[in-house]
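Chemist: What follows is the residue order along each chain.
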Amino acid sequence: DPKIIQKPKYLVAVTGSEKILICEQYLGHNAMYWYRQSAKKPLEFMFSYSYQKLMDNQTASSRFQPQSSKKNHLDLQITALKPDDSATYFCASSQEGGLTEVFFGKGTRLTVV
Amino acid sequence: GEQVEQRPPHLSVREGDSAVIICTYTDPNSYYFFWYKQEPGAGLQLLMKVFSSTEINEGQGFTVLLNKKDKQLSLNLTAAHPGDSAVYFCAAPSGSFNKLTFGAGTRLAVCP
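First to last, the sequence lines map onto chains H and Y.
Reading the first sequence from the start, the letters are residues -18 to 94 in the numbering used here.
Reading the second sequence from the start, the letters are residues 56 to 167 in the numbering used here.
Fair warning: there could be bad hints in the mix.
[Said to hold, decoys possible] Each pair of labels, with its calculated beta carbon distance range: (1) Y:Lys123 / H:Glu77: 21 to 31 Å; (2) H:Ala41 / Y:Gly138: 37 to 47 Å; (3) Y:Asp72 / H:Glu82: 36 to 46 Å; (4) H:Pro64 / Y:Ala97: 18 to 28 Å; (5) H:Gln39 / Y:Pro167: 39 to 49 Å.
These are calculated hints, taken from the structure and not from any lab test.
Where is the CB? At the ideal position from N, CA and C, for every residue including glycine.
Turn these sequences into a full structure, and let the hints steer you where they fit.
Modeler: The structure is reproduced here in C-alpha cells:
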C-alpha cells in the first residue's frame, strides 16, 4: 500500500507545453522533496519544502515550480517543456530535520517529444 | 558540497555469491548515509540508514561497512539471490535541509 502517491505514472508531453506532476504523502511527514533521474545524470535533488515553505531550490530554471496546497501535497509544475526535461521525477518525504529517513514515491516518467 | 562516487556501475554474480558495492564520499563532516534499492519500474526502497558512530551495520542478507578514515561506505550482499537484482544507490546528506547527494548507482544482476 503505497504511502507516497505520484500521478501520473507515465506522461508524454509536447515541446513547449506545460504539465503538473502530482505528489501526496500519507506518512505524516512535514518535509517533502522533488528529485530527478535521467539517463545522463544520477538522482538529482531539485527542491525541498518544510511545512509548505520552500527550504532549498537547486533547480536553475524557473520553469520548474513546486506547488504545495496542503502539508502532505507537493506538486511540480513544469512550463515550456523541452526534450531535455525528459526524466523520471521522484517525490520524497521525511520528518523535518536531519538524521531522518527519506522515503520516495514510485516516480513519474516524463517524456517530452 | 558533498560528492559521492559509486562503483562498480554494473555487477553480475551467481546466486549464492557475495556482491560488494563501494561508495566514496568527500565531506569528512558527513555522519550519516543511506542505501537504497531500486527495482525496475519502482521507486527507491530504503535499505538502511547508516550512522558514522557504527562501523558495521547488519540488515537482512547484507552488511554495510563504514570506513571513516578512507571516507568509504560499502554494501555487501551475502549469498545473493535473484530477488536482489536491482539498482543500488548510496546517498549522503549535503549542505542544506535533508538534501541527499546520490551515487550514480550499481546495477546488480544475480543469475541463478
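Chemist: Could you run down the list of hints and mark each one as holding or not?
Modeler: Each hint, compared with the structure:
Between Lys123 (chain Y) and Glu77 (chain H) the beta carbon distance is about 27 Å. The supplied range of 21 to 31 Å therefore holds. Checked against the hint of 37 to 47 Å, the C-beta distance between Ala41 (chain H) and Gly138 (chain Y) comes to roughly 39 Å, which is consistent with it. Checked against the hint of 36 to 46 Å, the pair Asp72 (chain Y) and Glu82 (chain H) fails, with Cβ atoms roughly 29 Å apart. The hinted range of 18 to 28 Å is satisfied by Pro64 (chain H) and Ala97 (chain Y), whose Cβ atoms lie roughly 25 Å apart.
Between Gln39 (chain H) and Pro167 (chain Y) the beta carbon distance is about 42 Å. The supplied range of 39 to 49 Å therefore holds.
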